[in-house]
Amino acid sequence: MQYLTALLPRVTLKQALILGGATAPPLVGGAGVLAILLYLMAAGGTATPAPEQPIAFDHSVHAGDAAIPCEFCHRGVGSQAAATVPSVEQCMFCHSVVKTDSPQIQLLQAHWDTNTPVNWARVHRVPDHVRFVHAPHIQAGVACETCHGDVASMEEVKQVRSLAMGDCQGCHRENSASLDCATCHK
Amino acid sequence: MSGLGRRRFLVGSAALAGGATVVACAAPERESQVQSFVLQPELSLPGQELWFATTCAHSSCGNSVVVRTIDGRAKKVEGNPAFPVNQGKLNVRSQAGVQSLYHPDRLTVPKRRRGLRGANEFEDLEWPAGLDLLTEKMSEARSVVVITGPISGTRARIARDFATAFGGEHLVYETLESTVWRKTVQDGLGARRLPYLDIANAHSILSFGADFLSTWVSPTQYGVGYGEFRQGHGERGRLIQVEPRMSLTGANADSWVYVHPGQEGALALSIAQVIAAEGLAPPDNWFNVVSEVGGLDALNAYAPDRVSQRTGVPVERIQEIAREFASHQPGFAIAGGPALASTNGLDNGLAAMLLNHMVGSVGQPGGLLPNPNLRSTVTPPTEPTSFADLAGRGNTWLEDDPPDVAIVFEADPVYGMPQATRFADALGKIPFVVGIGTIMSETLGHSDLVLPSTHAFEEWGDYVPDPAPRQHVVGLQQPVVRPTTSGRSFGDILLTLWHDLRPNLAPPWETMRDAVRANAAEVFRGGDFEERWVDLLKNGGGWNDDWAPEFRAAPDWHVNLLAEPAFSDNGVEFPLHLIPFEGVALGGGDETANPWLQATPDPISTATWTTWVEMNPSTAAALNVSRGDVVRIETAHGEFEAGVYISPAAAPGVLGVPVGQGHAFGGRWREDRGSNVLASLAPLTVAGSGGLAWAATRARVRPTGDYRQLPTIEVLPNARNDVEEVIVQVTNGNGDHHK
Chain A
1 MQYLTALLPR VTLKQALILG GATAPPLVGG AGVLAILLYL MAAGGTATPA PEQPIAFDHS
61 VHAGDAAIPC EFCHRGVGSQ AAATVPSVEQ CMFCHSVVKT DSPQIQLLQA HWDTNTPVNW
121 ARVHRVPDHV RFVHAPHIQA GVACETCHGD VASMEEVKQV RSLAMGDCQG CHRENSASLD
181 CATCHK
Chain B
1 MSGLGRRRFL VGSAALAGGA TVVACAAPER ESQVQSFVLQ PELSLPGQEL WFATTCAHSS
61 CGNSVVVRTI DGRAKKVEGN PAFPVNQGKL NVRSQAGVQS LYHPDRLTVP KRRRGLRGAN
121 EFEDLEWPAG LDLLTEKMSE ARSVVVITGP ISGTRARIAR DFATAFGGEH LVYETLESTV
181 WRKTVQDGLG ARRLPYLDIA NAHSILSFGA DFLSTWVSPT QYGVGYGEFR QGHGERGRLI
241 QVEPRMSLTG ANADSWVYVH PGQEGALALS IAQVIAAEGL APPDNWFNVV SEVGGLDALN
301 AYAPDRVSQR TGVPVERIQE IAREFASHQP GFAIAGGPAL ASTNGLDNGL AAMLLNHMVG
361 SVGQPGGLLP NPNLRSTVTP PTEPTSFADL AGRGNTWLED DPPDVAIVFE ADPVYGMPQA
421 TRFADALGKI PFVVGIGTIM SETLGHSDLV LPSTHAFEEW GDYVPDPAPR QHVVGLQQPV
481 VRPTTSGRSF GDILLTLWHD LRPNLAPPWE TMRDAVRANA AEVFRGGDFE ERWVDLLKNG
541 GGWNDDWAPE FRAAPDWHVN LLAEPAFSDN GVEFPLHLIP FEGVALGGGD ETANPWLQAT
601 PDPISTATWT TWVEMNPSTA AALNVSRGDV VRIETAHGEF EAGVYISPAA APGVLGVPVG
661 QGHAFGGRWR EDRGSNVLAS LAPLTVAGSG GLAWAATRAR VRPTGDYRQL PTIEVLPNAR
721 NDVEEVIVQV TNGNGDHHK
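Heads up: the sequence lines are chains A and B, in that order. 1 is the number of the first residue of the first sequence in the numbering used here; add one for each residue after it. 1 is the number of the first residue of the second sequence in the numbering used here; add one for each residue after it.
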């Protein structure tokens, strides 16, 4: 569904209702449904629940209680396009000794022992026709929370902003960043 | 439409369309996943490429390469432009290195034999258990033999010294060995190292069977020179190829000359006679040399009219070759392939060398130039053990005097040695055989313990190219990716054993990395070595011109008269000549597991994935066989099957058969495919060198009655199997061919 949200302008519920009613006058019963569908599509991630992860990694413990900086694990964020997820090896730097009796850490240990990667469920994703690069945002002083919300308080990370085009444009406009199409659509 | 009104139909359609749209727009599941590395590759940034220089140090190539890696995975191999041997160029085998690295049938863990030797029944072991078993056997061993492929540099030094420290020896097995060429160079040029062929500056090359553009000695290096030879200087170089079966080099030549097997030397001496008799080269060049081989009288015995019949080359053609070669100087003559693999191969080689002395191309630009001996003995290039020596060892083992332990690495003598030598039986006499390699082979399959080794892109090493490009050159090998298996490098395994069992005799290095680094420090002295080491790794090795080599020793013409070639049979029962050849992709058979290389068409026949026999149309007609017919080729020492490939470029009476197929071990793309021609060869040796006379076997052909379409690309798939498609030239509308 996030694919569609990126294709559509950001709309309010009222706008969606008007749009849904205008485009489907004969389908009186269906108009409301279509309007809600359109709204959900346009609103995108705000309605996206946190996906189930293969290991129940708790950001509130790591980024919250332990106050580990985001960049410690997401090492690519300041220098490249992808923020990157940490390697199993990096998790094991601590978890070879920390909480080794936890069932979730034992799941991690199994990946380490069998030399198999963890297939994390992706939480944030922009469509293929968008070239999003983390590095210039971080270098411009945009805080991680601006787009990702208060991850330090989330047990399970979920998407809190739509990250649709209108969302990006609004922020770019407020910060006098480029609004040139080619900035993001290479 | 009674049950489905218009309104309900429209509503249903809209719902279906909406649903389909949502489904169609959903991201595939794999795109909703983010996969973490288990180990973060060093320096790696996701999606960004990194290039590392290293060397394809395993057996068959020795080219310096740069490997493109993304996210810690090797993606592409290119030639290292800085390296003076291959100068950015690369052969197909090195290109396929990525596929052998990620081969699904690679050995991943140690294995211990459970069934009979050769039964391919193994059980997996943990590394400590595997090493414990090897250590136990080694500690009890009185003597050890280390058998490897043609390895080089520090790896070779460790293998040799390790074997010596454990009371044994290091044997080097090469499938179609270079022993005879080395001996030819030693005797004919007085040189210990192979010469540099100055192809780029030559105006003519007279090659007796040397397929130097495909598989002979250092084809990538020669290919670079060949480009210059043809297109670099003003005069387009002339190439004359003399051989009994057309090779890729023959197909590129200006003239391809068919010669009867084993008669290349007679032809060379006949050309020499014409040069002398017609004064085509200054007598100052040749008078002394000719005197050493018996003088003009001896040479006159090879006058064209006296050797024409025995060589199969008309008198006029011999004279033309002599005039063309002598008038296009500088230029040189070389011998290789079947010319050196007859029983008189060394004589053939020396006859070619005589031509070089006569036209004055020895030590001159555009001729054969000397290569420097290494200043240090740290990294000597290994020379193959001759077939005679290896077969002799086998006989000794069969006579109940085998070593206690054999360590085999990247060598497959059980596959490549002729059946008549009974080498598999000889190896079977050795109480404990450990095989080390990346993928299963016949020899590993006959081992008691199999240890997985790292791939060339996963390990430390170095390589001394032989022949060198007139410089001191050491190519360095570094891991460009983290190992994808639990494999350990051959050098590391030996060093571990050495330190465990003979610590007093062990070298100071604990690992191959330490050894390579220490040896590099010894070879490239001076200045801050830390900085130099980084530069060496960046460049893929080191080289310098600090030398002034020359051919110091005088040639040793130990033959005055050319011997007649001997064959495995008198030609009555087995009337045809069997000429095996190495393909540009599969080589001697060690690359057969690689599907890219299996699928690389042979340049002459375009055949892939199988064993075929190249046959002249007249030979095929006499045997009453057609293209695709499966025939049984019998020799006095074995038999095998192959599909007939009829080619006018195959000489009459000659059967050309590619080497490399017919394995019972080695993964899904290698096993049970084609036939092994090497097994059926007669165990004849080249006089004076001990090399295997692999072109001296006679054979006969029996049709089996079976037919299999040959997998070639030269005939359109829908064409009838026995009809060659004629390529029609484009015309200009008037029926005239475009010029």
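If you're looking for bench data, these hints aren't it; they were derived computationally from the structure. Think of the CB as a built atom: it goes at the ideal place given N, C-alpha and C, for glycine as much as any other residue. Honestly, I wouldn't trust all of these hints.
Derived lysine-lysine pairs resembling DSSO-like cross-links, with alpha carbons at most 30 Å apart [as the list claims (entries may be wrong)]: (1) Lys-75(B) with Lys-186(A); (2) Lys-89(B) with Lys-76(B); (3) Lys-75(B) with Lys-538(B); (4) Lys-99(A) with Lys-158(A); (5) Lys-538(B) with Lys-137(B); (6) Lys-89(B) with Lys-186(A).
Chain A stretches covered by chain B per the calculated footprint, using a threshold of three residues with CB under 8 Å from any CB of chain B [said to hold, decoys possible]: (7) 60-72; (8) 144-157; (9) 166-172.
Quick list of the computed label-pair ranges, beta carbon to beta carbon [stated by the list, open to error]: (10) Glu-510(B) with Thr-116(A): 55 to 61 Å; (11) Ile-70(B) with His-129(A): 53 to 59 Å; (12) Ala-121(A) with Lys-75(B): 46 to 52 Å; (13) Gln-99(B) with Lys-186(A): 28 to 34 Å; (14) Lys-75(B) with Ala-67(A): 37 to 43 Å; (15) Arg-114(B) with Asp-58(A): 45 to 51 Å; (16) Leu-179(A) with Ile-70(B): 42 to 48 Å; (17) Lys-186(A) with Arg-114(B): 54 to 60 Å; (18) Trp-609(B) with Gln-104(A): 48 to 54 Å; (19) Ser-486(B) with Lys-186(A): 25 to 31 Å; (20) Arg-114(B) with His-129(A): 35 to 41 Å; (21) Gln-48(B) with Val-142(A): 21 to 27 Å; (22) Val-133(A) with Glu-510(B): 43 to 49 Å; (23) Asp-150(A) with Gly-47(B): 44 to 50 Å.
Evaluation of the provided hints:
About 25 Å separates the Cα atoms of Lys-75(B) and Lys-186(A), which keeps this hinted pair within 30 Å; it holds. The straight-line distance between the Cα atoms of Lys-89(B) and Lys-76(B) is roughly 14 Å, inside the 30 Å bound, and the hint therefore holds. A hinted pair counts as satisfied when its Cα atoms are at most 30 Å apart, and Lys-75(B) with Lys-538(B) qualifies at roughly 19 Å. As the CA atoms of Lys-99(A) and Lys-158(A) are separated by approximately 25 Å, the hinted pair is consistent with the 30 Å bound.
The hinted pair formed by Lys-538(B) and Lys-137(B) fails the criterion: a straight-line CA distance of about 41 Å is larger than 30 Å. With a CA separation close to 34 Å, the supplied pair Lys-89(B) and Lys-186(A) exceeds the 30 Å bound. With 0 residues carrying a beta carbon less than 8 Å from a beta carbon of chain B, the segment 60-72 of chain A misses the three-residue requirement, and the given coverage is violated. Remark: the segment 144-157 of chain A is not confirmed as covered by chain B, as 0 of its residues place a Cβ nearer than 8 Å to a Cβ of that chain, below the required three.
Using a Cβ-Cβ cut-off of 8 Å, 0 residues of the segment 166-172 of chain A lie near chain B, which falls short of the minimum of three, so the contact claim is violated. As the Cβ distance of Glu-510(B) to Thr-116(A) is approximately 30 Å, the hint placing it in 55 to 61 Å is violated. Checked against the given bound of 53 to 59 Å, the beta carbons of Ile-70(B) and His-129(A), roughly 22 Å apart, lie outside it. With their beta carbons about 27 Å apart, Ala-121(A) and Lys-75(B) fall outside the hinted range of 46 to 52 Å.
The beta-carbon spacing between Gln-99(B) and Lys-186(A), approximately 32 Å, falls within the hinted interval of 28 to 34 Å. Roughly 39 Å separates the CB atoms of Lys-75(B) and Ala-67(A), a value that falls within the hinted 37 to 43 Å. The hinted range of 45 to 51 Å is satisfied by Arg-114(B) and Asp-58(A), whose Cβ atoms lie roughly 48 Å apart. Checking the proposed 42 to 48 Å range against Leu-179(A) and Ile-70(B) shows it is violated: the Cβ atoms sit about 32 Å from each other.
Checked against the hint of 54 to 60 Å, the pair Lys-186(A) and Arg-114(B) passes, with Cβ atoms roughly 58 Å apart. Between Trp-609(B) and Gln-104(A) the beta carbon distance is about 49 Å. The supplied range of 48 to 54 Å therefore holds. Between Ser-486(B) and Lys-186(A) the beta carbons are some 42 Å apart, a value that contradicts the proposed interval 25 to 31 Å. As the Cβ distance of Arg-114(B) to His-129(A) is approximately 57 Å, the hint placing it in 35 to 41 Å is violated.
Between Gln-48(B) and Val-142(A), the C-beta spacing of about 22 Å keeps the proposed range 21 to 27 Å intact. Distance hint check: the CB atoms of Val-133(A) and Glu-510(B) are about 44 Å apart, consistent with the given range 43 to 49 Å. Hint check: Asp-150(A) to Gly-47(B), Cβ distance near 29 Å, so the stated range 44 to 50 Å is violated.
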